[in-house]
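A.B. asks: Protein sequence lines correspond, in order, to chains V and G.
Heads up: the first sequence at position 292 corresponds to 292 in this note's numbering, and the numbers run straight through without jumps.
Heads up: the second sequence at position 106 corresponds to 106 in this note's numbering, and the numbers run straight through without jumps.
Derived from the structure by calculation, the hints contain no laboratory data.
These figures come from a predicted structure and were not determined experimentally.
For glycine and all other residues, C-beta sits at the position ideal for the given N, C-alpha and C.
A portion of the hints provided could be inaccurate.
If you only want the chain V side, here are some residues facing chain G, beta carbon under 8 angstroms, derived [as the list claims (entries may be wrong)]: (1) Glu-31; (2) Arg-32; (3) Phe-74; (4) Lys-88; (5) Ala-197; (6) Pro-199; (7) Val-209.
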Amino acid sequence: MKRHLLSATDLDRESATLVLDTAEEMARLGERSIKKLPTLRGRTVVNLFYEDSTRTRTSFELAAKRLSADVINFSAKGSSVSKGESLKDTALTLEAMGADAVVCRHSGSGAPHRLAQWVKGSVVNAGDGTHEHPTQALLDAFTMRRRLGRIEGLRVTIVGDILHSRVARSNVLLLDILGAHPTVVAPPTLLPVGIEAWPTEVSYDIDAVLPKSDVVMMLRVQNERMTASYFPNVREYSRRYGLDARRVAALPDDAIVMHPGPMNRGVEIAAEVADSARSTIVEQVANGVSVRMAVLYLLLGGSEPAIGSPAAGSTEGERP
Amino acid sequence: MTDWLLRQVRPLGGDVVDIRIVGGVIAEIGPSLPEGDCSVYEGGSSLVALPGLVDLHTHLREPGREDAETVETGTRAAALGGYTAVHAMANTTPVADVAGVVEQVWRLGRDAGWCDVAPVGAVTVGLGGEHLAELGAMAESIARVRVFSDDGKCVSDPVLMRRALEYVKAFDGVIAQHAQDPRLTEGAQMNEGVVSARLGLAGWPAVAEEAIIARDCLLAAHVGSRLHVCHLSTAGSVEIIRAAKAKGWDVTAEVTPHHLVLTEDLAATYDPTYKVNPPLRTAADVEALRDALADGTIDVVATDHAPHPVEDKETDWTAAAFGMTGLETALGIVAETMVATGRLDWAGVADRMSIAAARIGRLADHGRPIAVGEPANLTLIDPDAAWTVDRAQLASRSTNTPYAGRSLPARVVATFLRGRPTVLDGKPA
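Throw the hints in and build the complete structure from the sequences for me.
C.D. replies: What follows is the structure, given as structure tokens:
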């Protein structure tokens, strides 16, 4: 593992597989009644969130706590200083406090890269602007592997606002690294100029792609995209790109439906699809904690086994 | 006033001669002139003498952002870069949109004494793009404004642009357009293409520049006015300018040093040192710009020297300010990209960095031939003195140079402003 996890491309096949294997161990721990490990005792993990994201922050917080790390939630939103000043100054403050890892969510693409230049600890990108969200891609890959038994060769269709999606960027990159075959589907307005350089197929036609999909991942579409004329209105978007029961019927029998949340039920995904047996949406949340435990462990814990003997684990874990 | 004898220099890179400066004017040129009462500057037969460089596009930041640059610090940097005149852009606080502000900037320049400061007047009140500023008053002021620009913002309203182009004909003015369609570049952070798609930074498409340039060329032709296009950055823009010139339209264009050498790939560092407007483009664009500068499609190199304080750059990319400094490195970059590559000789450099710029800006005393009777605005360059750019050694108050650590092949060793040295041996005189 590199020192930081800023982009899915910081991982190669070997290290990404190591994260997934480690997450598997972590997930088994989550099935125990006592879920805590002593691995990161005495280490400090800072959640530095410049954007509201209760889901992601909570997931990282739980992951760090299950590894017995000290967790500080540093919400920089609403700070009176300019964003720029607070990023540098906050970085120096965290440095002075001895943060071992900084988990950063920021509305500006590349902000975690800048942070990594100013702090000695590890930086984990928890979503930066319209750039990347590598732990989301890892938890998605983990979910696919658990459901379908493999990643290599899977045909993964990602549908929605690819242009603005950090989830899509990280997923396309990681799926390619892991030997899967991603296809992105969107109206042309929501695909970036320059996408031809991405390691993915591109389609405007969801119905043509679904029969050839082992995984279909639906992305949230925000209302503000409509006001900026990326598409005429939500109804037309839903008709052309939404995943409803009729479209699900075109999927291969064992194909799964994913969504990184939060969902717009009735827009990009019908409620009956979100709640169906194919849906992995709730698992993704649980898997997020396991994957983030694995990432923090591998960045901070070094080469020791993640889980010692069960006895040691439970002894340490029983502290309140 | 001290008279000078410049010994053994090569005007425009030609034959070695001595140049005598008396009373601020070139008095005598010839081999082995007698010393007389002059102070002597020894060129040693290697120095190239050029007419003092003229920058059409400088941000001196005063009044308003004296933490970034002042007229004093900016013009000293200019002198060190070989400039004897700079055009100070209007986007100050307050905006240079009335005679009072341009006269203030002009006076600050004269008092500092490092080089002539030709203030640029805003086209519209407050750079607001709605109402014409008092262009005539600025033209008639002591600052004698001839170049008008809303630089940093585009005069995007076609009617307003037409009126401005027409109006300045009365005093031989020129509209220098920052060509950027505002709607096509909302939130834009870098060139739109493969790299922006990967980095997740909002794209600044080439068409947003090219569409405005095409429109403005047509407007200028229609009303018979003079148009200058600031900082061309794309191959497509070059094609449009080339076509406009082929039709005989009175259109000129500039390119910055950074667009001659840096490319969009640098954005992958997320280091806002490389964030600039217009953005760094592709290697193919760089190549087209070099070709266009060589063949004269692009008339001048203009620095777009844009100083910013550290805190406006030491931040994340999207929050950071656009712009990079350039006065002290422009000549070196041109030497690297144009002279060392055989695309321009020193006479060509003199044209693109002095003569053409003075002509566009209507500066009578600058960009003149190196000839007896001409004002002694001169720059001496050592074409073989490679140097490494060191942030701490630059004179600009701001340190946002993209060239720190870069070796440049040539350096300015002396600058004379009307016969008075502002720089000697590469240091402020």
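A.B. asks: If you check each hint against the structure, which ones fail?
C.D. replies: 1, 2, 3, 6 and 7
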